[in-house]
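Asks: In case you want the letters, here they are:
There are 2 protein chains.
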Amino acid sequence: MMKLYYAPHTCALAAHIALIDAGANYETQKLDFSQQEQTKSEFLAINPKGRVPALLCDQGLLSESPAILSYIAQTHPRANLAPLDDPYKFAKVQEFNAYLASTLHVAHAHGKRAERWADDPQAKAELHRKMPQVVLESFLLVEKSMFKGPYVWGEHYTICDPYLFTFAQWLEADSVDPDMVPKIRDHRHMMLQRQNVQTAIKAQLQSN
Amino acid sequence: MMKLYYAPHTCALAAHIALIDAGANYETQKLDFSQQEQTKSEFLAINPKGRVPALLCDQGLLSESPAILSYIAQTHPRANLAPLDDPYKFAKVQEFNAYLASTLHVAHAHGKRAERWADDPQAKAELHRKMPQVVLESFLLVEKSMFKGPYVWGEHYTICDPYLFTFAQWLEADSVDPDMVPKIRDHRHMMLQRQNVQTAIKAQLQSN
Numbered sequence: 000m001m002k003l004y005y006a007p008h009t010c011a012l013a014a015h016i017a018l019i020d021a022g023a024n025y026e027t028q029k030l031d032f033s034q035q036e037q038t039k040s041e042f043l044a045i046n047p048k049g050r051v052p053a054l055l056c057d058q059g060l061l062s063e064s065p066a067i068l069s070y071i072a073q074t075h076p077r078a079n080l081a082p083l084d085d086p087y088k089f090a091k092v093q094e095f096n097a098y099l100a101s102t103l104h105v106a107h108a109h110g111k112r113a114e115r116w117a118d119d120p121q122a123k124a125e126l127h128r129k130m131p132q133v134v135l136e137s138f139l140l141v142e143k144s145m146f147k148g149p150y151v152w153g154e155h156y157t158i159c160d161p162y163l164f165t166f167a168q169w170l171e172a173d174s175v176d177p178d179m180v181p182k183i184r185d186h187r188h189m190m191l192q193r194q195n196v197q198t199a200i201k202a203q204l205q206s207n
Numbered sequence: 000m001m002k003l004y005y006a007p008h009t010c011a012l013a014a015h016i017a018l019i020d021a022g023a024n025y026e027t028q029k030l031d032f033s034q035q036e037q038t039k040s041e042f043l044a045i046n047p048k049g050r051v052p053a054l055l056c057d058q059g060l061l062s063e064s065p066a067i068l069s070y071i072a073q074t075h076p077r078a079n080l081a082p083l084d085d086p087y088k089f090a091k092v093q094e095f096n097a098y099l100a101s102t103l104h105v106a107h108a109h110g111k112r113a114e115r116w117a118d119d120p121q122a123k124a125e126l127h128r129k130m131p132q133v134v135l136e137s138f139l140l141v142e143k144s145m146f147k148g149p150y151v152w153g154e155h156y157t158i159c160d161p162y163l164f165t166f167a168q169w170l171e172a173d174s175v176d177p178d179m180v181p182k183i184r185d186h187r188h189m190m191l192q193r194q195n196v197q198t199a200i201k202a203q204l205q206s207n
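So the sequence lines, in the order shown, correspond to chains A and B. Numbering that gives the first Met the number 0 numbers the first residue of the first sequence as 0 and each following residue consecutively. Numbering that gives the first Met the number 0 numbers the first residue of the second sequence as 0 and each following residue consecutively.
So that you can see chain A by itself, here it is in the shape it has in the complex:
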């Protein structure tokens, strides 16, 4: 059985949804970020990065959302969560998730995690100030150049959908008007109707 380490309101929601989508055999372990549990020695012994999501598999630990999502898709082919038989289409799925991880999520992190890149309070305030603009630009590139609709890659749901949805849930908190990215807004609404998405969100908010 796999074990997903997560914290509520983090990008670990995407992996959680994908595990349910896959029909995977898994359990979860919640970390309390308010108590900085992710930086304590017990968790660092599991994941030296001190981050979630982290997925404990039979063969060892796996981190980084794009890798976890692709692993879930590859090990549960019957769930059809990625175009596994077409290397180009599979690479496009990786490309999409890589962009969310290394550009969109990074843009978002300059709001609440500015201390990663700056110590000076005024510089951190400047990163926080510019963050909504950078996040919006990143979402606009997704909206205009990548998103097919109704799902990310068209009619077929993939591991890109829960990952995009997870970040779209943070639009208002990032001071970005969802109406600026109407396709992503509508995708978020559609995703919220899915039973698996609701199940993952409810499970993450329960104590455990």
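Fair warning: there could be bad hints in the mix.
Note: identical chains are not told apart, hence a pair may lie in one copy or across any two.
Here are the computed lysine-lysine pairs in the DSS-like style, where the Cα-Cα straight-line distance is at most 25 Å [as the list claims (entries may be wrong)]:
1. K48 x K147
2. K147 x K182
3. K111 x K39
4. K182 x K48
5. K129 x K111
6. K129 x K201
7. K111 x K2
8. K39 x K143
9. K48 x K88
10. K147 x K201
11. K39 x K2
12. K48 x K143
13. K2 x K88
14. K201 x K111
15. K48 x K29
16. K2 x K48
17. K88 x K201
18. K201 x K29
19. K147 x K88
20. K111 x K29
21. K111 x K147
In short, the hints are calculated from the structure, not lab data.
Since the structure of chain A is already known, use the hints to place chain B on it.
Replies: Frame of chain A; chain B shown alone:
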């Protein structure tokens, strides 16, 4: 035939090396970053991100180094550039490259590309000041928790090796002493002895 869009001294070197390693049928197109060619309409029509590497394949464009590297490995299985038959080991390769893309490369970018996240000159100066520390911390995590040696995953060369090498080439420019990460320093030295690495570096520095 594939076409690799690149600029010298960028992370596109990794894809270039991997194409040679794979024995791929490809050509290259150099962009002149000093002339901002990557932001001009001709290139934006090819890659709306305005970034390199970008790999034009028969089926369309591919961007994001981790996706490009995995695509090269998957489409050239005889080159044995990734553990394609083991989903967990393949995911570990993705995890490694995802970390370089979304943490190590991002840390580096706060030096010369601070304008992505800040407008204020003092804030940009602060990002530049802290950059070497953040880059070092990221390399140290690779050195201590990920790198097996002599190659990233042990005795077997993978698509993680040219990607790590590419960033290790920037250590001095990022004001990080290579002796702080001796395994990565030695890996860089070993990589520089490889004919394919020398071929890619020379090709990128030629006019085209």
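Asks: One pair to classify: K129 and K201, alpha carbons no more than 25 Å apart. Within, between, both, or neither?
Replies: neither (32 Å within a copy, 39 Å between copies)
Asks: Please work out whether the CA atoms of K147 and K201 approach to 25 Å or closer within one copy, between two copies, in both situations, or in neither?
Replies: neither (29 Å within a copy, 40 Å between copies)
Asks: For the identical chains here, do K111 and K147 meet the 25 Å Cα criterion within one copy, between copies, both, or neither?
Replies: neither (31 Å within a copy, 34 Å between copies)
Asks: Using 25 Å as the alpha-carbon threshold, which applies to K88 and K201: within, between, both, or neither?
Replies: neither (32 Å within a copy, 32 Å between copies)
Asks: At most 25 Å between CA atoms: does that hold for K48 and K88 within a copy, between copies, both, or neither?
Replies: Close across copies (19 Å), not inside one copy (30 Å); limit 25 Å.
Asks: How would you label the pair K39, K143 (within, between, both, or neither) given a Cα cut-off of 25 Å?
Replies: Between copies only: 18 Å across chains, 41 Å inside a chain, cut-off 25 Å.
Asks: With 25 Å as the alpha-carbon cut-off, assign the pair K129 and K111 to within, between, both or neither.
Replies: Close inside one copy (12 Å) and across copies (17 Å); limit 25 Å.
Asks: Within, between, both or neither: how does the pair K2, K88 come out at a Cα-Cα threshold of 25 Å?
Replies: Cα proximity of K2 and K88: across copies only (18 Å, versus 29 Å in one copy).
Asks: Taking 25 Å as the upper bound on the Cα-Cα distance, should K201 and K29 be classified as within, between, both, or neither?
Replies: within (13 Å within a copy, 50 Å between copies)
Asks: Checking K111 and K2: alpha-carbon separation at most 25 Å within a copy, between copies, both or neither?
Replies: Classified as neither; 27 Å inside a copy, 39 Å across copies.
Asks: Regarding K147 and K88, is the shortest C-alpha distance of 25 Å or less found within a copy, between copies, in both, or in neither?
Replies: Classified as within: same-chain Cα gap 14 Å, cross-chain 31 Å, threshold 25 Å.
Asks: When no copy is specified for K39 and K2, does a C-alpha distance of 25 Å or less occur within a copy, between copies, both, or neither?
Replies: Intra 18 Å, inter 47 Å, cutoff 25 Å: intra-copy only.
Consistency with the previously given hints fails for numbers 6, 7, 10, 17, 21, ordered from lowest to highest.
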